[in-house]
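Since the structure of chain A is provided, determine the placement of chain B on it from the hints.
These protein sequence lines are chains A and B, in that order.
Under the working numbering, think of the first position of the first sequence as 1, with each following residue one higher.
Under the working numbering, think of the first position of the second sequence as 1, with each following residue one higher.
Please note that the accuracy of each hint is not assured.
What the hints assert, rightly or not - The calculated DSBU-like cross-link candidates involving lysine-lysine, where the alpha carbons are at most 30 Å apart (straight line), are: (1) Lys-331(A) to Lys-308(A); (2) Lys-300(A) to Lys-331(A); (3) Lys-309(A) to Lys-35(B); (4) Lys-271(A) to Lys-16(A); (5) Lys-34(A) to Lys-16(A); (6) Lys-300(A) to Lys-34(B); (7) Lys-309(A) to Lys-34(B); (8) Lys-187(A) to Lys-300(A); (9) Lys-308(A) to Lys-34(B); (10) Lys-34(A) to Lys-271(A); (11) Lys-309(A) to Lys-335(A); (12) Lys-300(A) to Lys-335(A); (13) Lys-271(A) to Lys-127(A); (14) Lys-335(A) to Lys-187(A); (15) Lys-308(A) to Lys-35(B).
Said to hold, decoys possible - Pairwise CB distance ranges, derived in the manner of DEER restraints: (16) Gly-238(A) to Leu-25(B): 21 to 31 Å; (17) Ile-12(A) to Pro-17(B): 48 to 58 Å; (18) Leu-25(B) to Gly-60(A): 46 to 56 Å; (19) Ile-14(B) to Asn-249(A): 35 to 45 Å; (20) Asp-241(A) to Ala-24(B): 29 to 39 Å; (21) Gly-63(A) to Pro-38(B): 53 to 63 Å; (22) Gly-63(A) to Ala-21(B): 44 to 54 Å; (23) Ile-14(B) to Ser-237(A): 34 to 44 Å; (24) Glu-10(B) to Gly-63(A): 40 to 50 Å.
What the hints contain is simulated information worked out from the structure, not anything from laboratory work.
Just so it is clear, CB atoms sit at the ideal spot from N, CA and C, and this is done for glycine as well.
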Amino acid sequence: MEDLLMGINGLIANPKFIVMWIIGAILIYFAVEKDYEPALLLPIGFGAILTNIPFSSAIGPEGPLTVLLHAGILTELFPVLIFVAIGAMCDFAPLMRNPLSMLFGAAAQFGIFATIIGAAAMGFTFKQAASIGIIGAADGPTTIYVATRFAQELLGPLSVAAYSYMSLVPIIQPPVIMALTTQNERKIRMEYEDQEEISQTAKFLFPIMITIVAGVIAPISVALIGTLMFGNLIKESGVLDNLSNCAQNELANLVTLLLGITIGATMEADKFLTVDVMMVMGLGLVAFIFDTAGGVLFAKLFNLFLEKKVNPMIGACGISAFPMSGRVIAKMALKEDPTNFIIMHAIGVNVSGQISSVVAGGLVLALVK
Amino acid sequence: MNSVVGQAIELMLIAYPTIFAVTALFIVLTIALKKLFPATQDEE
Chain A
1 MEDLLMGING LIANPKFIVM WIIGAILIYF AVEKDYEPAL LLPIGFGAIL TNIPFSSAIG
61 PEGPLTVLLH AGILTELFPV LIFVAIGAMC DFAPLMRNPL SMLFGAAAQF GIFATIIGAA
121 AMGFTFKQAA SIGIIGAADG PTTIYVATRF AQELLGPLSV AAYSYMSLVP IIQPPVIMAL
181 TTQNERKIRM EYEDQEEISQ TAKFLFPIMI TIVAGVIAPI SVALIGTLMF GNLIKESGVL
241 DNLSNCAQNE LANLVTLLLG ITIGATMEAD KFLTVDVMMV MGLGLVAFIF DTAGGVLFAK
301 LFNLFLEKKV NPMIGACGIS AFPMSGRVIA KMALKEDPTN FIIMHAIGVN VSGQISSVVA
361 GGLVLALVK
Chain B
1 MNSVVGQAIE LMLIAYPTIF AVTALFIVLT IALKKLFPAT QDEE
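Isolated chain A, as found in the complex:
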């Protein structure tokens, strides 16, 4: 009889479980009704519910979610497998046509470092601050990878913050851009010259080049940048269509499914319902705001030296939230001038953000001791 009542007794002893059910339900609501990163937020939300049922057999020493945590998260395997999938989905041709756009990707990583300083000032340890700041990479796998190394106790809230804010880019970025630009700047036209064709050889060698350069500078980043570029390489090789399709579909879906529910399983009530977690959520938002500001302000600075100005809004596309950020900025440009189509420029910068965010993550891993 006691066994039948232990769940109820557990709830009475710790009502925080019910709060976590509500949080899990909110994440599921955002996923289903609002279409906010449903592939991650729904499994995370349900994982949070599973782990917050008293005496849940899903967690604990032999629980399946614990097995997945040890096998896939603590080994950093799931994030790198996701990167293979993301790499296979990437098309670096727009970036290769206009390589200077990579500078905007670099600039937009500003939010990572500004947030690390902010988190440090709020009393987090250096490693925790680095893990919080890396939310600004706007890249789930990088966030999970760094958090697993530096702040496993914050893995749940960091992941929720990263994926939630990535899906909220259409709400976060426009006000920041409007505040930092004038209407005339937002109306700057960016025309398309004849689209330069990039040879298949160049597209094939590009991921190899990026991996070697980034890897020699920060060897600890090879797991991240290498797997991202490996995914792209199998796509660009032209002889591995089956593997490329598998990476983009089956691998992406399978790992995403397991990753999400496992992350949710780390959201235990006693660890999640703390002031620290609320600060993490707040700082995550700050990271995205400063990323956007960094990219836009860099573009404005860049314009001081250019005869043919760029629309400074594309600086905001340098965050790694691909392709959402590119689409948001393209839409803002059309709102200012319905004949100003900057989508391809925006997407090129957005793709560069993918590379820059992984480089930034690698540098944080290398330099934070």
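Using the frame of chain A, we list chain B on its own:
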């Protein structure tokens, strides 16, 4: 200023410019790749 904030500022002063330096290298190498391996007429 506590030492952790100092470490964070130091990290920014080293890492943020390094990202730009690495990016500049990527830009140069990408331009070199395009020049060494231009698109053929079939690809245009």
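So, going through the hints one by one against the coordinates:
1. Lys-331(A) to Lys-308(A): Measuring from Cα to Cα gives roughly 22 Å; hence the hint holds.
2. Lys-300(A) to Lys-331(A): holds, 19 Å
3. Lys-309(A) to Lys-35(B): holds, 25 Å
4. Lys-271(A) to Lys-16(A): holds, 10 Å
5. Lys-34(A) to Lys-16(A): Given that 30 Å is the threshold and the Cα spacing comes to 26 Å, the pair holds.
6. Lys-300(A) to Lys-34(B): The hint holds at about 28 Å.
7. Lys-309(A) to Lys-34(B): With Cα atoms ~24 Å apart, Lys-309(A) and Lys-34(B) stay inside 30 Å; holds.
8. Lys-187(A) to Lys-300(A): Satisfied, since the Cα-Cα distance of roughly 13 Å is no more than 30 Å.
9. Lys-308(A) to Lys-34(B): Within the cut-off at roughly 23 Å; holds.
10. Lys-34(A) to Lys-271(A): Given pair Lys-34(A), Lys-271(A) holds - Cα atoms ~27 Å apart, limit 30 Å.
11. Lys-309(A) to Lys-335(A): holds, 19 Å
12. Lys-300(A) to Lys-335(A): holds, 20 Å
13. Lys-271(A) to Lys-127(A): Given that 30 Å is the threshold and the Cα spacing comes to 18 Å, the pair holds.
14. Lys-335(A) to Lys-187(A): Cα-Cα ~9 Å, so holds.
15. Lys-308(A) to Lys-35(B): Roughly 24 Å between the alpha carbons, so the hint for Lys-308(A) and Lys-35(B) holds.
16. Gly-238(A) to Leu-25(B): 21 to 31 Å: holds, 27 Å
17. Ile-12(A) to Pro-17(B): 48 to 58 Å: holds, 56 Å
18. Leu-25(B) to Gly-60(A): 46 to 56 Å: holds, 49 Å
19. Ile-14(B) to Asn-249(A): 35 to 45 Å: Once the Cβ atoms are compared, 40 Å apart, the range 35 to 45 Å for Asn-249(A) and Ile-14(B) holds.
20. Asp-241(A) to Ala-24(B): 29 to 39 Å: Given range 29 to 39 Å: holds, Cβ gap about 34 Å.
21. Gly-63(A) to Pro-38(B): 53 to 63 Å: holds, 57 Å
22. Gly-63(A) to Ala-21(B): 44 to 54 Å: Since the Cβ atoms of Gly-63(A) and Ala-21(B) sit about 46 Å apart, the hinted range of 44 to 54 Å holds.
23. Ile-14(B) to Ser-237(A): 34 to 44 Å: Once the Cβ atoms are compared, 36 Å apart, the range 34 to 44 Å for Ser-237(A) and Ile-14(B) holds.
24. Glu-10(B) to Gly-63(A): 40 to 50 Å: Since Glu-10(B) and Gly-63(A) have Cβ atoms about 42 Å apart, the given range 40 to 50 Å holds.
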